[in-house]
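Work out the full structure, taking the sequences as your base and the hints as a guide.
Number of protein chains: 2
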Amino acid sequence: MEPRSAEIICVGTELLLGDILNGNARYLAQQLASLGIAHHYQTVVGDNPLRIQRAVAIACERARLIILTGGLGPTPDDLTLATLADFFDVPLTERSEIVADLELKFAKQGRQLPESSRRQAQLPEDADVLWNAMGTAPGVIWQPRSGLTILTFPGVPREMKAMWQAVAVPYLKQSGWAAGVIHSRTLKFWGIGESTLAEKVGSLLNSENPTVAPYANEGEVKLRLSAKADSVAAADALIDPVAADIRQIAGDRYYGQDDESLAAVVGDLLLARSQTLSVAESCTGGGLGQLITATPGSSSYFWGGIISYDNRVKQSALGVSEQDLAQAGAVSSKVAIAMAEGVRRRLGTDWGLSITGVAGPGGGSAEKPVGLVYIGIASEAEARAEKFLFGEDWTRDLIRERSALSALNLIRLALMSV
Amino acid sequence: MEPRSAEIICVGTELLLGDILNGNARYLAQQLASLGIAHHYQTVVGDNPLRIQRAVAIACERARLIILTGGLGPTPDDLTLATLADFFDVPLTERSEIVADLELKFAKQGRQLPESSRRQAQLPEDADVLWNAMGTAPGVIWQPRSGLTILTFPGVPREMKAMWQAVAVPYLKQSGWAAGVIHSRTLKFWGIGESTLAEKVGSLLNSENPTVAPYANEGEVKLRLSAKADSVAAADALIDPVAADIRQIAGDRYYGQDDESLAAVVGDLLLARSQTLSVAESCTGGGLGQLITATPGSSSYFWGGIISYDNRVKQSALGVSEQDLAQAGAVSSKVAIAMAEGVRRRLGTDWGLSITGVAGPGGGSAEKPVGLVYIGIASEAEARAEKFLFGEDWTRDLIRERSALSALNLIRLALMSV
Chain A
1 MEPRSAEIIC
11 VGTELLLGDI
21 LNGNARYLAQ
31 QLASLGIAHH
41 YQTVVGDNPL
51 RIQRAVAIAC
61 ERARLIILTG
71 GLGPTPDDLT
81 LATLADFFDV
91 PLTERSEIVA
101 DLELKFAKQG
111 RQLPESSRRQ
121 AQLPEDADVL
131 WNAMGTAPGV
141 IWQPRSGLTI
151 LTFPGVPREM
161 KAMWQAVAVP
171 YLKQSGWAAG
181 VIHSRTLKFW
191 GIGESTLAEK
201 VGSLLNSENP
211 TVAPYANEGE
221 VKLRLSAKAD
231 SVAAADALID
241 PVAADIRQIA
251 GDRYYGQDDE
261 SLAAVVGDLL
271 LARSQTLSVA
281 ESCTGGGLGQ
291 LITATPGSSS
301 YFWGGIISYD
311 NRVKQSALGV
321 SEQDLAQAGA
331 VSSKVAIAMA
341 EGVRRRLGTD
351 WGLSITGVAG
361 PGGGSAEKPV
371 GLVYIGIASE
381 AEARAEKFLF
391 GEDWTRDLIR
401 ERSALSALNL
411 IRLALMSV
Chain B
1 MEPRSAEIIC
11 VGTELLLGDI
21 LNGNARYLAQ
31 QLASLGIAHH
41 YQTVVGDNPL
51 RIQRAVAIAC
61 ERARLIILTG
71 GLGPTPDDLT
81 LATLADFFDV
91 PLTERSEIVA
101 DLELKFAKQG
111 RQLPESSRRQ
121 AQLPEDADVL
131 WNAMGTAPGV
141 IWQPRSGLTI
151 LTFPGVPREM
161 KAMWQAVAVP
171 YLKQSGWAAG
181 VIHSRTLKFW
191 GIGESTLAEK
201 VGSLLNSENP
211 TVAPYANEGE
221 VKLRLSAKAD
231 SVAAADALID
241 PVAADIRQIA
251 GDRYYGQDDE
261 SLAAVVGDLL
271 LARSQTLSVA
281 ESCTGGGLGQ
291 LITATPGSSS
301 YFWGGIISYD
311 NRVKQSALGV
321 SEQDLAQAGA
331 VSSKVAIAMA
341 EGVRRRLGTD
351 WGLSITGVAG
361 PGGGSAEKPV
371 GLVYIGIASE
381 AEARAEKFLF
391 GEDWTRDLIR
401 ERSALSALNL
411 IRLALMSV
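Residue numbers (UniProt numbering), protein chains in the order written: chain A, 1 to 418; chain B, 1 to 418.
Just so you know, these hints were derived from the structure itself, not from any lab. All values reported here derive from a predicted model rather than from experimental measurement. We put the CB at the ideal spot given by N, CA and C, even for glycine. Check each hint, because a few of them may be wrong.
[To be verified] To give an idea of the interface, some chain A residues facing chain B are shown, with a C-beta separation under 10 Å as derived from the structure: (1) Ala29; (2) Ala33; (3) Arg145; (4) Leu148; (5) Thr149; (6) Gln174; (7) Gly180; (8) Val181; (9) Asn209; (10) Ala213; (11) Gly287; (12) Tyr309; (13) Arg346; (14) Gly363; (15) Leu398.
Here it is in structure tokens:
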């Protein structure tokens with residue numbers, strides 16, 4: 001056993017079939033890290049009592065805090081609590097306070113409590129209720145054996161997260177689980193490959209506290225700096241000098257850290273200059289605007305945009321000339337510039353940013369293959385476009401996403417040099 | 001041991017820290033299901049040799065095909081192959097054909113092969129190379145023991161997927177792993193809760209082949225029908241009658257199956273009627289347009305839109321009156337209708353669809369709280385708006401996503417009744 005470590009077990013055949021992404025495991029992993037609770041394994045298992053029991057048996061050998069998600073709902077394949085009770089040889093008992101809570105929740109919708117949902121009131125005899133404010137299925141906080149704590153959550157992410165924050169975090173702090181922290185900072189880069197960055201950063205990768213680990217994910221390269229310390233502040237003090245060295249080495253390829261998105265960084269640069277932005281999008285269809293407006297408060301610098309998916313809209317709403325569309329084509333440097341200038345002028349902003357490209361899978365030609373994208377940028381001082389050639393084997397989603405992010409990086413660099 | 005089943009082991013401390021979603025596990029799970037290869041467990045473990053070995057030891061007990069992702073890169077924390085070689089007590093040897101391949105790939109970028117990347121040419125002595133056409137790190141196809149097959153892939157999703165398709169799938173078919181299929185169909189619903197649907201469907205949930213399992217994920221409710229058979233066609237024949245029963249029960253709450261998104265279903269309805277659509281977005285900032293254009297070929301019915309994030313753009317580009325904005329406010333039924341009518345008229349499409357709301361976290365008031373969203377729809381025949389009140393505790397992302405999907409559902413129902 002590794003003392004004082006946690007294991008996450010996600011129960012759900014939909015995970016084994018690949019129907020959904022395991023966002024719950026990610027969320028819980030982040031939360032455990034921020035609480036300084038070591039966590040070395042995650043297991044996914046289907047809605048199968050025997051295999052759930054085997055996974056729990058293994059987890060009992062290597063962790064003292066087991067967090068289960070999934071299998072608490074009202075349907076027959078929701079088996080987590082019955083299976084745990086069986087494994088630890090404890091009877092299930094119906095809790096009258098849960099029945100009352102369920103009846104109240106159904107009454108609010110003008111409904112009687114169905115028998116299938118009433119089953120959710122049955123918990124292992126000596127377990128405490130982990131109340132679910134956002135949904136019907138409660139979980140448990142349970143010590144089935146000395147030195148072993150089990151927390152269970154429903155699989156619905158919104159309910160699980162609310163229960164985690166409202167009940168589990170205070171419990172883990174009070175019970176001494178959350179002592180010290182493992183605090184991470186992720187430095188984010190654009191326009192440099194993982195191996196090139198790793199070479200530039202060199203011996204810093206062997207640092208021990210903080211550790212420095214590179215990873216790449218679809219165009220974005222990151223370095224994760226993780227420090228163990230008594231407090232977040234102490235961990236930050238260990239991370240600061242190493243992060244400063246790395247930023248020095250990376251120059252303007254470094255764009256932000258942790259939750260700072262390219263869009264948020266662009267927003268900060270615009271705010272600092274009291275400038276405004278609008279967008280004109282073709283192949284991304286609104287994705288660039290969506291990225292920009294994902295940042296709360298973006299209305300201070302983002303006024304809006306034109307989704308000119310059809311050439312008629314490029315002409316009528318952006319003023320792109322019929323001649324440019326006919327001669328250079330919709331996917332061209334000329335049209336990208338005209339789109340950026342057009343949206344800047346029509347919406348009256350300081351900057352205009354445009355995207356036009358072939359996102360595929362159809363619509364490519366020898367001259368203009370799938371993956372060819374022009375990004376235009378216009379300000380009072382200049383109007384220009386950059387050409388990008390993404391892989392022809394890339395998916396439509398990936399080409400669209402990378403196009404929007406590349407546009408943000410283009411204006412980021414332009415704003416930094418203003 | 002469960003004979004002939006597979007286990008997925010994802011290696012990467014970034015997964016344990018929650019830095020990334022485990023998209024690789026989902027992809028491999030889908031692929032295994034479609035090949036009819038049973039798969040009962042997934043394990044996530046960090047970049048730690050001892051724990052990787054423990055996870056492999058457990059997997060050897062319960063699976064005969066172990067698929068590992070991650071830890072094949074050029075950096076010092078990429079330890080998967082060295083750890084496997086150590087566990088099975090086989091030496092690593094440098095493969096000259098991999099060195100040659102790496103040198104060629106770096107030469108194409110005008111670079112020499114760095115020593116750190118050369119380490120990727122070292123494989124366990126008796127393993128076959130699983131070539132990586134999209135990146136530098138190769139994997140292995142390896143029988144370290146009789147009756148045990150190991151496949152390794154890099155963690156970068158694009159490389160992993162390409163290697164899976166090009167090499168692993170043919171290998172699994174040739175070696176007899178992929179015999180028979182477990183084929184699933186997912187029926188998707190909008191506007192009905194999981195427990196209500198489960199009750200309506202009733203005894204069908206006890207069906208054995210296909211099995212019928214409900215699950216819910218952020219507003220969308222799904223039923224997964226999974227059948228075991230010799231072929232996809234035979235599995236479909238088992239699924240068809242059960243699916244037909246369920247669709248009958250659900251009525252227009254059923255909107256599509258499998259990869260059919262609400263956006264694609266709306267696209268099909270528009271295409272069938274030779275009609276066109278444009279959008280006017282405020283709080284979603286382009287997200288509705290992005291959803292619509294995620295469908296290839298959407299240019300046949302989607303002309304574009306106006307992102308009117310700022311009220312000036314609502315007036316200048318959509319013709320919303322200053323009076324309506326001042327009296328009813330930007331988040332109102334009146335403005336939603338004016339936006340839908342405005343974009344329909346200005347872009348010249350058959351339908352106009354609009355969204356205006358308070359996505360939060362700021363900007364809410366007692367009268368217009370966070371989560372209040374109006375969706376407008378306009379056609380030649382009518383113009384109206386519907387009010388939605390999403391939870392005040394919902395995240396900005398969730399409110400924006402649900403708003404866009406609700407808009408699609410609104411036009412879906414409108415198109416179905418035309």
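Hint by hint, which ones does the structure fall short of? Result: hints 3, 4, 5, 6, 7, 8, 9 break, sorted rising.
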